[in-house]
Amino acid sequence: MTAPIYQVEGLVIDLYTPTVSVRAVDGAGFHVAPGETLAIVGESGSGKTVMTLGPLGLLPEGVAVDLRGTARADGKDILAMSPAELSRLRGGFFGVIFQDPMSALNPMLKIGPQLAEQARRFAGLSAAEACKEAVSLLARSGIPDPEDRYDRYPHELSGGMLQRAMIALALAARPRVLIADEPTTALDATVQAQILALIRQIQKEDGIAVILITHDIGAVSVLADRVAVLYAGQVAEEGSAIDVLTAPVHPYTRGLLASVPDFRSENATGTKEIPGIPPNQAQLEPGCRFADRCELVQPQCRTHRPPLVKVGNGTVPHRVACPVVIAAEGIVIHV
Amino acid sequence: MQRMFMRRVGLALLLMLAATALTFWLVTAAPGNVAALIAERAAGAGADGEMIAKIADDLGLNDPLPLRYARWLGDALTGDFGISLRTGKPMAEEFGERIPMTLALLTGGGVLALVLSLAMGIAGAASNGGGIDRVLHGMALVGASTPNFFVAAMLVIVFSVWLGWVPTFGVSGLTSWLLPWITIALFPASVLARVVRVNLQDTMSRPFATTGFAKGLTRGAVLLREALPNIAIPYMTTFGAQFTLMIIGAIVVERVFGLNGVGAFFIEAIRFRDFIGMQATLTLFVVFFVSINLIVDLLAMLADPRLRRPRKA
Numbered sequence: 001m002t003a004p005i006y007q008v009e010g011l012v013i014d015l016y017t018p019t020v021s022v023r024a025v026d027g028a029g030f031h032v033a034p035g036e037t038l039a040i041v042g043e044s045g046s047g048k049t050v051m052t053l054g055p056l057g058l059l060p061e062g063v064a065v066d067l068r069g070t071a072r073a074d075g076k077d078i079l080a081m082s083p084a085e086l087s088r089l090r091g092g093f094f095g096v097i098f099q100d101p102m103s104a105l106n107p108m109l110k111i112g113p114q115l116a117e118q119a120r121r122f123a124g125l126s127a128a129e130a131c132k133e134a135v136s137l138l139a140r141s142g143i144p145d146p147e148d149r150y151d152r153y154p155h156e157l158s159g160g161m162l163q164r165a166m167i168a169l170a171l172a173a174r175p176r177v178l179i180a181d182e183p184t185t186a187l188d189a190t191v192q193a194q195i196l197a198l199i200r201q202i203q204k205e206d207g208i209a210v211i212l213i214t215h216d217i218g219a220v221s222v223l224a225d226r227v228a229v230l231y232a233g234q235v236a237e238e239g240s241a242i243d244v245l246t247a248p249v250h251p252y253t254r255g256l257l258a259s260v261p262d263f264r265s266e267n268a269t270g271t272k273e274i275p276g277i278p279p280n281q282a283q284l285e286p287g288c289r290f291a292d293r294c295e296l297v298q299p300q301c302r303t304h305r306p307p308l309v310k311v312g313n314g315t316v317p318h319r320v321a322c323p324v325v326i327a328a329e330g331i332v333i334h335v
Numbered sequence: 001m002q003r004m005f006m007r008r009v010g011l012a013l014l015l016m017l018a019a020t021a022l023t024f025w026l027v028t029a030a031p032g033n034v035a036a037l038i039a040e041r042a043a044g045a046g047a048d049g050e051m052i053a054k055i056a057d058d059l060g061l062n063d064p065l066p067l068r069y070a071r072w073l074g075d076a077l078t079g080d081f082g083i084s085l086r087t088g089k090p091m092a093e094e095f096g097e098r099i100p101m102t103l104a105l106l107t108g109g110g111v112l113a114l115v116l117s118l119a120m121g122i123a124g125a126a127s128n129g130g131g132i133d134r135v136l137h138g139m140a141l142v143g144a145s146t147p148n149f150f151v152a153a154m155l156v157i158v159f160s161v162w163l164g165w166v167p168t169f170g171v172s173g174l175t176s177w178l179l180p181w182i183t184i185a186l187f188p189a190s191v192l193a194r195v196v197r198v199n200l201q202d203t204m205s206r207p208f209a210t211t212g213f214a215k216g217l218t219r220g221a222v223l224l225r226e227a228l229p230n231i232a233i234p235y236m237t238t239f240g241a242q243f244t245l246m247i248i249g250a251i252v253v254e255r256v257f258g259l260n261g262v263g264a265f266f267i268e269a270i271r272f273r274d275f276i277g278m279q280a281t282l283t284l285f286v287v288f289f290v291s292i293n294l295i296v297d298l299l300a301m302l303a304d305p306r307l308r309r310p311r312k313a
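Residue numbers (our numbering), protein chains in the order written: chain A, 1 to 335; chain B, 1 to 313.
Bound-form chain B, shown alone (with noise of 0.2 Å):
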């Protein structure tokens, strides 16, 4: 157990090296010129070719790819990330603005999920193709092939322009969250509805389901104490997997939105070419990416007994 648990720590750290070492190669391919840029910002037409290839002398822009990464690293583990190009700011302290609305609306997404998926599967899984189970069915295969912008502007459109329940734009108070939620989360909800339900159905054929029928318990029963324990260790790995794909969500959500986070920052840097800003908020993603994963397998590890506890031969 402990032994496993190391490596898959290790293998986490060295995944998270090879990831920013290709977004790093990646963004620095992109299309554009750092240098022109810097130029172009500081002086305006002004700029000549000489006072460009004076900057990319000082940035270190000639040097090789593998030296300038490695410079970047060792900048990165100390917690400098460089000077954001469009704002002027260190990404530090964009980032410390910033990621707590990222990471409220991930979480409020999160949760929601986690509840709407669990509630839809089991209802499904308790009606057994019923009326009910056909209804979610259908309702999780409209909400898994939605697109998120789509389901953004709708809900807009009703519940802020029709009904005016709630604001259609920025943080105000908890009902300003509402939709970004809704919107974030109605995805990982639909995919993981029917990880429960289809697994719970599976479940319940096994031979300890009809144990636990033995047993006097009711078919409810049985399906939330004998089936559902079981259906953990599929249901958290999926989780981790669509929790960590809602940071794509937020990009266009924070945008939808007008929410002034992490998401809605990478778009910005997209556009204006601020390549610091882009590699930094790679630099992030790939942690938050990597870490979760991370997290829900060593969770999922110790909720099954089998790994917790091996057999002592």
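Next up, chain A with everything else stripped away, as it sits in the complex (with noise of 0.2 Å):
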């Protein structure tokens, strides 16, 4: 296995509004090889984007961040660096592709321009050769006739050929890992899979880092290596692709699972849903974040934080944070 180019550990991230504060973040970590994609996966609310974009300093203005842990960067500490270097690494090392392209793409601007810009300041092109490389990324990314929609405003194009010219934004910058923040939820079901087809095909290409921050397990099956699935702002079980998705030992894992629909088989209503809602954030309970909506809640579920421990023996390391799961099941630990 590759070394990580990307690597979050005991991140702990809390957000105040002048009345609360929430603990979106508890002590979760992750990490992304060259060449890999890693899904993040979670509902609503379980800290997924905060997770990522939060050590970017990319969380939305207007509330204040209190983070604690390390990122590091192709092994520089992220956290302290400043302003300025943080500017540059965004720009530079990370692309990322945003859930709306409608709204996040700035409607005053062109389109190609904007690559331009960052094909000339982080990939060190002339402006004669950024806008030539502006239309080859359009291209690239599967919009039709880019020389014309070089000069179009976002609101000239469709959602789709949208969030194709955000991922030409994101790309324009040569990135060494590619944060894809939901990108085919605001989009129709046909495109969302031309998307994750785009998005596939580039990382092949390129052979970048992708994180895949999604709810969507479909997605998950198409593009990841490994998954990390967030409960609460923890990581409630993580591993291969094929492991966490087929052998997933977290109760919530499976419950996450359970509640998505399989149009293949003949029982299409076959859903199961997890009872309850997840816990306030805002006034959390020590123990497991999942325990009052496990159906094998025991005593100490209350009390105790599960570790992150390994199971399985796959070249991936598969960990899960359920001790009850792994007694009952009489599941081997690995150290």
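Hints are computed from structural coordinates only; laboratory data are not their basis.
Predicted model only: the values in this text are computed from it and were never measured.
We treat Cβ as the ideally placed atom computed from N, Cα and C, and that holds for glycine.
Wrong hints could be hidden among the right ones.
[Said to hold, decoys possible] Label-pair distances were calculated between CB atoms; the ranges are:
id, chain 1, residue 1, chain 2, residue 2, range
1, B, Arg3, A, Gly35, 51 to 59 Å
2, A, Glu147, B, Ala18, 46 to 54 Å
3, B, Val9, A, Ala84, 46 to 54 Å
4, A, Pro144, B, Thr146, 55 to 63 Å
5, A, Pro18, B, Ala144, 23 to 31 Å
6, A, Pro18, B, Leu245, 46 to 54 Å
[Stated by the list, open to error] Covered by chain B, per the in silico footprint, the following chain A stretches (three or more residues, Cβ under 8 Å):
id, region
7, 86 to 95
8, 123 to 131
9, 146 to 157
[Unchecked claim] Listed below are several chain A residues computed to face chain B (Cβ distance under 10 Å; list not exhaustive):
id, residue
10, Leu58
11, Leu59
12, Pro60
13, Ala80
14, Phe98
15, Glu117
16, Met166
17, Ala172
18, Ile179
19, Pro278
Assembling the complex is the task here: the two chains are given apart, and the hints tell you how they should meet.
Okay, structure coming up:
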């Protein structure tokens, strides 16, 4: 396994408004290596986006953030960086695709020149080269007639085309880590598949690391090499996509997968919802975050935070934070 | 776009017509009798009822109001706004002398308000809740709530009387314009600074601002290059409204600083019951209000690519 290019450990992120404080991420971590796709899954509010974009300083303005832990990009501690250093890293090292391209692209700026500027600043191209590069990036992202689209404003493109433009923009600086934050949520079903295929193709060609933030298990199975399941700001389970999707251990992962409708099965209504709602992260209790919704809950679950332990013996470590299932099913723990 | 343009122009013309009719009615309804005034001026104490009645008849003052308005409008459209009862000069001549003065006051004040408001608003947003932001907020609050005659008096006391840097009165070179410009610009600059600050803050929390950060721009660059173009439309419309309101400030400022502009003329016209002068000046104000707002609206439309280049269906 190649060494991780972006690695986050023991991350704690508190978000403050004048009246409440929310622990959005509570001692979570993840890592991703070049050429690898990590999917971070979890329901809305589980902290997926905050955990991934928080260390980069990419949370919306107006919310006060307190951030602890370590985050290393290419070995460099990004939490210790000056604002100017972090800006350069955001532009050049990371490329980010946001959820809704209609609102994530500036309505007053033309598409092409933004790409060209990124290519000029971060890939070191001349103005003329950067312009050519921008057109070829648009073409590569599957945008027809890229010369014409270069001079277009966002409102002149459809949602699917805009997301392709957003991908082109993220790639213009030739990043080494591509972060896709729910890249298909705002798009039509047919367009979703195209966008996922595009991301997969780019990753194959460029060998970059991809972090896919999603709650779409279908997208995970298409793209991901590894999966981290996040629940209420903590990692419940992580491992290879095959292990996590076909042999889930944590009750939450099992519940999450059982709640996905399988249209190929005879019994398409055979989905099972997880009872209850996620905990209020402004008033967290000790112990397992999932305890209140878990069918297997034991007294110890409410008092002790379950550690992530390695189960199975595959090349990609499979880690689970549920001693109850591990004990009940006799799963072997590896150190 | 073209249809919208024509509609706005048509609406503006209609508005001017309605506003001049309204002012015409108000001016004629104001207390005072023009015929008596003219008779008194001509014959002093010797003016009698017969003379007054004859003058009124000659001037058509006994005709129904709509007819009088139509007559006035016909003349006005040919550039004839009548002869000032106070100065005895044709209004066109009065305006010819005074409009440049008022225009200089408004232009200087407008430019100052523009520069000050953008500088204060951007500096406030850059400081984002810091000390500079709070000081600027306080300054804008004071600026927007201090009456201009008080500001003028304070400026004269400090800069003319105590420090002796600039003349107190009249027009003598560029320095004499400084205090009038500052006085007239203070209120619009304060209001507009808040518009810039608040809209920038709102824009900075929009998803495309986050994209700007993700592109590797520093906060200052996101503020100036991503957020600022997006506040152009609210800023321009508010600027247009504030700029036209400056004509009201001009009435006071011209008087305080002894500038022979249209505003000063208007006050004198009211004092002397110069109905012709009042109506002519009010018409000028109406044309100024409506055309500035029209120009600003059209510029704002041009500034927005969504309106400038609507998506082809």
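The hints, checked one at a time:
1. In this structure the hint that Arg3(B) and Gly35(A) lie 51 to 59 Å apart at CB holds, the actual value being about 55 Å.
2. Checked against the hint of 46 to 54 Å, the pair Glu147(A) and Ala18(B) passes, with Cβ atoms roughly 50 Å apart.
3. Remark: the range hint 46 to 54 Å for Val9(B) to Ala84(A) is upheld by a beta-carbon distance near 49 Å.
4. In this structure, Pro144(A) and Thr146(B) meet the distance hint of 55 to 63 Å, their C-beta atoms being roughly 59 Å apart.
5. In this structure, Pro18(A) and Ala144(B) meet the distance hint of 23 to 31 Å, their C-beta atoms being roughly 26 Å apart.
6. For Pro18(A) and Leu245(B), the Cβ-Cβ distance of about 35 Å falls outside the hinted range of 46 to 54 Å, so the restraint is violated.
7. Restraint check on the region 86 to 95 of chain A versus chain B: 8 residues with Cβ-Cβ distances below 8 Å, three needed, restraint holds.
8. Chain B is given as covering the region 123 to 131 of chain A, and this is violated because 0 residues of the stretch bring a CB closer than 8 Å to a CB of that chain, at least three being needed.
9. Coverage of a stretch by a chain is defined here by at least three residues with a beta carbon nearer than 8 Å to that chain's beta carbons; for the region 146 to 157 of chain A and chain B the count is 3, and the condition holds.
10. Taking 10 Å as the C-beta cut-off, the interface hint given for Leu58(A) holds, the closest approach to chain B being about 6 Å.
11. With 10 Å as the threshold, the beta carbon of Leu59(A) comes within range of chain B, its nearest partner Cβ sitting at about 8 Å, so the hint holds.
12. The beta carbon of Pro60(A) comes within 5 Å of a beta carbon in chain B, closer than 10 Å, and the hint placing it at the interface holds.
13. Given hint, Ala80(A) at the interface with chain B, is violated; its Cβ is 18 Å from that chain's nearest Cβ, farther than 10 Å.
14. Hint status for Phe98(A) relative to chain B: holds, with the closest Cβ pair at about 6 Å, below 10 Å.
15. At its closest, the beta carbon of Glu117(A) sits 8 Å from a beta carbon of chain B; the interface hint therefore holds under the 10 Å criterion.
16. Using the Cβ-Cβ criterion of 10 Å, the hint placing Met166(A) at the interface with chain B is satisfied: the shortest such distance is roughly 8 Å.
17. Residue-level restraint check for Ala172(A) holds (minimum Cβ-Cβ distance to chain B is 9 Å; threshold 10 Å).
18. With 10 Å as the threshold, the beta carbon of Ile179(A) comes within range of chain B, its nearest partner Cβ sitting at about 9 Å, so the hint holds.
19. The restraint placing Pro278(A) at the interface with chain B is violated, with a minimum CB-CB distance near 24 Å, outside the 10 Å limit.
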